[in-house]
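Protein chains in written order, with numbering that gives the first Met the number 0: chain B, 0 to 150; chain H, 0 to 133.
It should be emphasised that the hints constitute simulated quantities derived from the structure, not laboratory data.
By construction, the Cβ of each residue, glycine as well, lies at the ideal position given by its N, Cα and C atoms.
A couple of the hints might just be wrong.
Pairs of lysine to aspartate or glutamate, EDC-like flavour, derived with a Cα cap of 20 Å [stated by the list, open to error]:
#1 H:LYS4 with B:ASP71
#2 H:LYS7 with B:GLU53
#3 B:LYS55 with H:ASP32
#4 B:LYS88 with H:ASP32
#5 B:LYS107 with H:ASP5
Derived Cβ-Cβ restraints for the label pairs, each shown as a range [stated by the list, open to error]:
#6 B:LYS94 with H:VAL62: 53 to 61 Å
#7 H:ALA106 with B:ALA142: 44 to 52 Å
#8 H:ILE128 with B:GLY70: 58 to 66 Å
#9 B:THR54 with H:GLN12: 27 to 35 Å
#10 B:ASN121 with H:GLN92: 16 to 24 Å
#11 H:GLN12 with B:VAL135: 28 to 36 Å
#12 B:GLY70 with H:ASP100: 31 to 39 Å
#13 H:LYS103 with B:LYS88: 25 to 33 Å
#14 B:ALA125 with H:LYS38: 15 to 23 Å
#15 H:SER96 with B:ASN121: 38 to 46 Å
#16 H:LYS103 with B:LYS143: 52 to 60 Å
#17 B:ARG150 with H:ARG9: 49 to 57 Å
#18 B:ALA148 with H:GLY109: 51 to 59 Å
#19 H:GLU10 with B:ALA139: 18 to 26 Å
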Amino acid sequence: MIYRRLLGFPNWEFRSPFAELERMKRQMDRLVEGWGGTYQRPYAGVFPLINLTETKDAYFVRAELPGVVAGDLDIQATSNSISVSGERKLPSENKDARWHRREREAGKFSRMIAMPSEIDPNKVDASLVNGILSVVVPKAEIAKPRQIAVR
Amino acid sequence: MADSKDIKVREKQELTTPAEQTTPGTVFTPQVDIFETEKEITLLADIPGVKSEKLSIDLRDNVLTITGDIEPVESAGEEDVLIEYETGRFYRQFTLSEVIDQNKIDANLGDGVLRLTLPKVEKATPRKIAIKAA
């Protein structure tokens, strides 16, 4: 939640978005330590990295999963979390090939993402297009903002 | 046990270009695999989010350039809650040592992975030069 609206900061420099982010992170570290709390990294440090955005009605979970086929993905939802697990398989190549570079990794992954508010697990919809997973997570009726009429 | 290995998280590598980009935005270096057999060189690159019409592969003077543009997946009106990765253009350049047969290059894009096959030019067959008597 710390990172909400961070990119909308007025002094955000387009040239170095990460520098600003890092600076903020350090400031938050100090702040939390001052309260005697334990600091949690904003990156969970678990593959895949995710982006979470929201509208009034839903959350959107996105992750970059190139080379993962839909059949190897397992997505589960509870009333307040989404779990994404699966395996990235790289096809075995010609045995005689000489390798020059090997940067891509294969393996299993599993990640649990806690949702900021209650969700409707029955209406979660996921799609995998061009290596990007996007999960649409509708908010539970109770969690949606409501306009209150003032009498 | 190789297949039960867990994938470690790796942040996307942002590219710091020596030359300034003509279009603003962040540029990332895709992760690649390159291997070579007697006949061809194969390159695999992870470029999630790039559509085939936005991908450009260019080979000239033995320099292979791969550029992939992405379209934002977020619709207007979405607010960021947690941002762990940034998106932007993919760019990477390689110098190829072998002579490549330009007409037979094959590029395939699926599930965010580019597979580029670069066949080598068949070596000129040795030719015996007959000398005619004058």
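Do the hints match the structure? See the list:
1. H:LYS4 with B:ASP71: This hinted pair holds, its Cα atoms lying about 15 Å apart.
2. H:LYS7 with B:GLU53: With a Cα-Cα distance of about 27 Å, the restraint between LYS7 of chain H and GLU53 of chain B is violated, given a limit of 20 Å.
3. B:LYS55 with H:ASP32: 42 Å, violated
4. B:LYS88 with H:ASP32: Roughly 14 Å between the alpha carbons, so the hint for LYS88 of chain B and ASP32 of chain H holds.
5. B:LYS107 with H:ASP5: 5 Å, holds
6. B:LYS94 with H:VAL62: 53 to 61 Å: Since LYS94 of chain B and VAL62 of chain H have Cβ atoms about 30 Å apart, the given range 53 to 61 Å is violated.
7. H:ALA106 with B:ALA142: 44 to 52 Å: 45 Å, holds
8. H:ILE128 with B:GLY70: 58 to 66 Å: 60 Å, holds
9. B:THR54 with H:GLN12: 27 to 35 Å: 31 Å, holds
10. B:ASN121 with H:GLN92: 16 to 24 Å: Once the Cβ atoms are compared, 48 Å apart, the range 16 to 24 Å for GLN92 of chain H and ASN121 of chain B is violated.
11. H:GLN12 with B:VAL135: 28 to 36 Å: 29 Å, holds
12. B:GLY70 with H:ASP100: 31 to 39 Å: Holds, at about 36 Å.
13. H:LYS103 with B:LYS88: 25 to 33 Å: Since the Cβ atoms of LYS103 of chain H and LYS88 of chain B sit about 28 Å apart, the hinted range of 25 to 33 Å holds.
14. B:ALA125 with H:LYS38: 15 to 23 Å: Distance hint for ALA125 of chain B, LYS38 of chain H is violated at roughly 40 Å.
15. H:SER96 with B:ASN121: 38 to 46 Å: Violated, at about 56 Å.
16. H:LYS103 with B:LYS143: 52 to 60 Å: 57 Å, holds
17. B:ARG150 with H:ARG9: 49 to 57 Å: 56 Å, holds
18. B:ALA148 with H:GLY109: 51 to 59 Å: 52 Å, holds
19. H:GLU10 with B:ALA139: 18 to 26 Å: Taking Cβ atoms as reference, GLU10 of chain H and ALA139 of chain B lie about 33 Å apart, which means the hint is violated.
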